[in-house]
Amino acid sequence: MNAYVLKGGHVYDPLNNIDGEKMDIYIAGGKIVEEPPKGAKVIDVSGKVVMPGGICIHSHIAGGKVNSGRMLRPEDHRRDNIPKKGQLRSGVGYTVPTTFVTGYRFAAMGYTTVFEPAVPPLKARHTHEEFQDTPILDHGGFVLTGNNWFVLNYVKNNEMDKLAAFIAWLLWATKCYAVKIVNPGGVESWGWGKNVNGLDDKVPYFDVTPREIVTALSYVNEKLGLPHTIHVHGNNLGQPGNYEITLETMEAVREIKASKGRRSVLHFTHIQFNAYAGTSWKDFASGAQEIANYVNKHDHVTIDIGQVIFGDATTMTADGPWEFALRQITRGNKWVNSDVELETGSGIVPYVFRRTVPVNAVQWAIGLELMLSVNDLYKVCLTTDHPNGGPFYFYPKIISWLVSRKARNEELEKVHKAAIEKTTLKDLDKEYNLYEVAIVTRAAQAKILGLKDRGHLGPGAKGDVAVYDIDPTKVNLSSSPELVEKAFSAAAYTFKDGEIVVKDGEVIATPQGSTIWVKVKKLEEMMPLIEEDLKEMWKHYTISLNNYPVQMEYLPKSEMVEV
Amino acid sequence: MGKVELTPIEKPHIPIEAEVISPDIFAGKSLEEIGDLEVWRGNRKKKLKEVFKISGDAGKTPGETTIIVNGDASFIKRIGQGMTAGEILIKGNVGMHVGAEMRGGKIVVEGNADHWAGAGMKAGILHIKGNAGNYLGGNYRGDIGMSALQKGVYGTIIVEGNAGDEVGAWMADGKIIIKGNVGAFAGVHMSGGNIIVYGDAAERVGGEMKGGTIVIMGQLSELLPSFEYKGEVNEVSIDGEKMLGPFLTFVGDLAEDGKGTLYLLKEKNAHLI
Ligand SMILES: [Zn+2]
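Residue numbers (our numbering), protein chains in the order written: chain S, 1 to 563; chain C, 1 to 273.
The reader is advised that the hints may include incorrect statements.
[To be verified] With a Cα cut of at most 20 Å, we get these calculated SDA-like pairs of lysine to any residue:
1. Lys45/C - Leu122/S
2. Lys45/C - Gly91/S
3. Lys123/S - Leu534/S
4. Lys334/S - Lys210/C
5. Lys334/S - Lys45/C
6. Lys334/S - Gly192/C
7. Lys535/S - Leu122/S
[To be verified] Selected chain S positions facing chain C (Cβ under 8 Å, derived; list incomplete):
8. Glu75
9. Arg78
10. Lys84
11. Lys85
12. Ala258
[Claimed, not checked] Far from chain S, some chain C residues (derived; all Cβ distances over 10 Å):
13. Val20
14. Ala27
15. Val108
16. Glu110
17. Val153
18. Glu160
19. Asn181
20. Gln219
21. Gly240
22. Lys242
23. Leu244
24. Leu254
25. Lys268
Since the hints were derived computationally from the structure, they do not count as laboratory data.
In this text, a Cβ means the ideal position worked out from N, Cα and C, and glycines have one as well.
Could you put the whole structure together from the sequences, leaning on the hints where they help?
Quick look at the structure:
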């Protein structure tokens, strides 16, 4: 293993309160160390920005749904060819890149850890197989639970101990990191040709409500002391007026006690898609200020954005009924919709966000409104909900909008006037500095995910570091957004586990990333509670219980977090 | 007006991908710059001057530029892909994807064209004097086929000889005229535009078509059962081009609730009703 001294860079490490200070960073044994290591290679990074490796809390990069998206969109790949280069594999983009291209492009932006936010338990093996084929990045999955029959039954019978045991078992069986909820109750209702529209609507047969599902899972999540909160894709996603149910969902878990080390009990994901005011597509407007107000007043929720990027997107989610609705909206676009036995559903529809379409213009503005209106940035993560709002490799573009009102206004002039009339974006004068950029792209993400040795550069942290070629003492971010975009698009260096993987924006090494997953220490003790239920319910499954859990062979580099 | 002549130097084992052979790219460039343009041969890059002897002068704009390819270009793919203006004259056979995704201008192929000629074309003229392969004016996977650049502006493909299977697949607008015969699945998935076949057609014409018109002046071997007979008409007129019947008229493909029209010359197709 090599040792390095990164000499003279401007360091932005918000979790250690370091704000652009000129200082050296030492790397040895794959970690950040306190003292200059012996025999270290010195790399001059003066005039450059040094940050912890980027972290993405929510990008659909691996698994059955992503792969179906690839198969559905050959035209998408044809427009974005990446030839083989040296040791790098050939591949394709555009919205649903191959696993290898996903790894290369994230790393080139200085990102080192990415979470796949929708793992259907039955398809977990597929997700892990693609994780293995996604180079460089550390990764983890969030397991879908909000429409699982075990969960619905335990909620119905108010058996919280059993629910806790089941969640602990499911995380172990799927080797996942967090509990994901998608359209709670709605996806199961879709199996009956229905959806839920209110927080107190009943799911057919099970007779439980979205409110009960969310609160029960949040309660159990905190009781188990999981590192991340429940990760929620709300009801009525994509529908005009849905900001109200978003706030209701947040309010529903307000009294739940967070586990040690955290104040939040719910992460509301790609909230842009759930921040709409109005009553129809005609009076569609932004509900961003209502959401931001709530988030500013309460500490029990965190959010990520799901920023819209104009151009091609591929929507993919476990929210089967929403994808059906979107298929109708796009007047019969090609699509996929599937049911995952007792567990969840899923759907895929290609979509184009257009500057000239009023609704799309408002959606674009809402994401930025939210990022500019929440006061405590430790509650916000920058995401595009890749590839739902747009491809992840537009993060540098989004950063340029955040740091520069000029850049936002230039775009605002190009889009439909609804973005000015139906949102507050035009009036928001906040401009991010690099410290704040570092929060929403790594520090907040690490904190919200409960990652201890990532997202900062303190001694003992992983040697995951990004160096960007932009001199904060010389460049005015606000007036030079294009330089910001350029610098964040192609990291001068990306270090992964203490080794250089990217130099001058080019990937030069492709190590295997780690799979981060959670094991509940008391799982064995809890198992007797649910063993009978597992056997009984397994009569309905197409595979045997013994063949269900993902075996460790699927995790060539396992990083188990015990709680 | 500028004119650039390309003469193939030798016929390589591996085909060359040469979408750079386009008036849009040649225009305003010196011969040296044109010679340095990159083409792919398999997974290796080559310079255009390693593949062709190059002479002449390019025009200032694409519209003022004509490219002449002398000799056999059957191993050169993607000539004129995406071009918007100007002309390309190919004096022999040409490889796959000639004129694919054209948006204007004109390409004349004096010999035969390989598969995917004019695929996804949006405007301009592609005139093939020999035969064409499969997917003529067809679509690339996941995309629609020929469509309009804007309302009323669309591409035209004329083939003097025969064409292969899936002519005009997923076509949404535009016109394909085949003087000879076509293979199976002509107009499969089409939603608009016109296909006129002066020769015979193999089976499954118009499979899953939703709109558009197909005229067959020769014999159709077999008609899909999901087309409904609507009676006879005496003549069909497409863009002022009149064809004398009488024609048998069918509408389909009903399997897709389609409203496409199929005109079959009665004289040759009495076996179908
Ligand atoms: Zn998502």
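Do the hints match the structure? See the list:
Proximity of lysine 45/C to leucine 122/S is assessed by CA-CA distance (about 45 Å); at most 20 Å being required, the pair is judged violated. Distance hint between lysine 45/C and glycine 91/S is fulfilled; the C-alpha atoms sit about 17 Å from each other, no more than 20 Å. For the hint pairing lysine 123/S with leucine 534/S, the CA-to-CA distance comes to about 18 Å; that is within 20 Å, so the pair holds. At most 20 Å may separate the alpha-carbon atoms for a hinted pair to count; lysine 334/S and lysine 210/C meet this at roughly 15 Å.
Simply put, lysine 334/S and lysine 45/C have alpha-carbon atoms about 36 Å apart, too far for the 20 Å limit, and the pair is violated. Of the supplied pair hints, the one linking lysine 334/S and glycine 192/C holds, its CA atoms being roughly 18 Å apart against a limit of 20 Å. Proximity of lysine 535/S to leucine 122/S is assessed by CA-CA distance (about 16 Å); at most 20 Å being required, the pair is judged to hold. With a least beta-carbon distance of about 3 Å to chain C, the hint placing glutamate 75/S at the interface is held under the 8 Å criterion.
Hint status for arginine 78/S: holds, given a least beta-carbon distance of 6 Å to chain C, under 8 Å. Because the smallest distance between the Cβ of lysine 84/S and any Cβ of chain C comes to about 6 Å, under 8 Å, the interface hint for this residue holds. With a cut of 8 Å, the hint placing lysine 85/S at the interface with chain C is violated, because the nearest CB-to-CB distance is about 10 Å. Given hint, alanine 258/S at the interface with chain C, is violated; its Cβ is 46 Å from that chain's nearest Cβ, farther than 8 Å.
Every CB of chain S lies more than 10 Å from the CB of valine 20/C, the least distance being 15 Å, so the non-interface label holds. Once the 10 Å rule is applied to beta carbons, alanine 27/C is consistent with being away from chain S; the minimum gap is 24 Å. The Cβ of valine 108/C sits about 27 Å from the closest Cβ of chain S, beyond the 10 Å cut-off, so the non-interface label holds. The beta carbon of glutamate 110/C sits about 29 Å from the closest Cβ of chain S, which is more than 10 Å, so the claim that it is off the interface holds.
Listed as outside the interface, valine 153/C is consistent with that label: its C-beta sits roughly 20 Å from the nearest C-beta of chain S, beyond the 10 Å cut-off. With a least beta-carbon separation of about 30 Å from chain S, glutamate 160/C lies farther than 10 Å from that chain, consistent with its non-interface assignment. Residue placement check: asparagine 181/C keeps its beta carbon more than 10 Å from all beta carbons of chain S (closest about 30 Å). The claim that glutamine 219/C lies off the interface holds: its Cβ sits roughly 35 Å from the closest Cβ of chain S, which is beyond the 10 Å cut-off.
Under the 10 Å C-beta cut-off, the non-interface status given to glycine 240/C relative to chain S holds; the minimum distance is some 32 Å. The beta carbon of lysine 242/C sits about 35 Å from the closest Cβ of chain S, which is more than 10 Å, so the claim that it is off the interface holds. The non-interface label for leucine 244/C is consistent with chain S: the shortest C-beta to C-beta separation is roughly 38 Å, beyond 10 Å. Remark: the non-interface label on leucine 254/C is consistent with the geometry, its nearest Cβ contact in chain S lying 17 Å away (cut-off 10 Å).
Annotated as non-interface, lysine 268/C keeps its C-beta farther than 10 Å from every C-beta of chain S; the closest such distance is 36 Å.
Going through the hint list in order, the structure does not satisfy hints 1, 5, 11 and 12.
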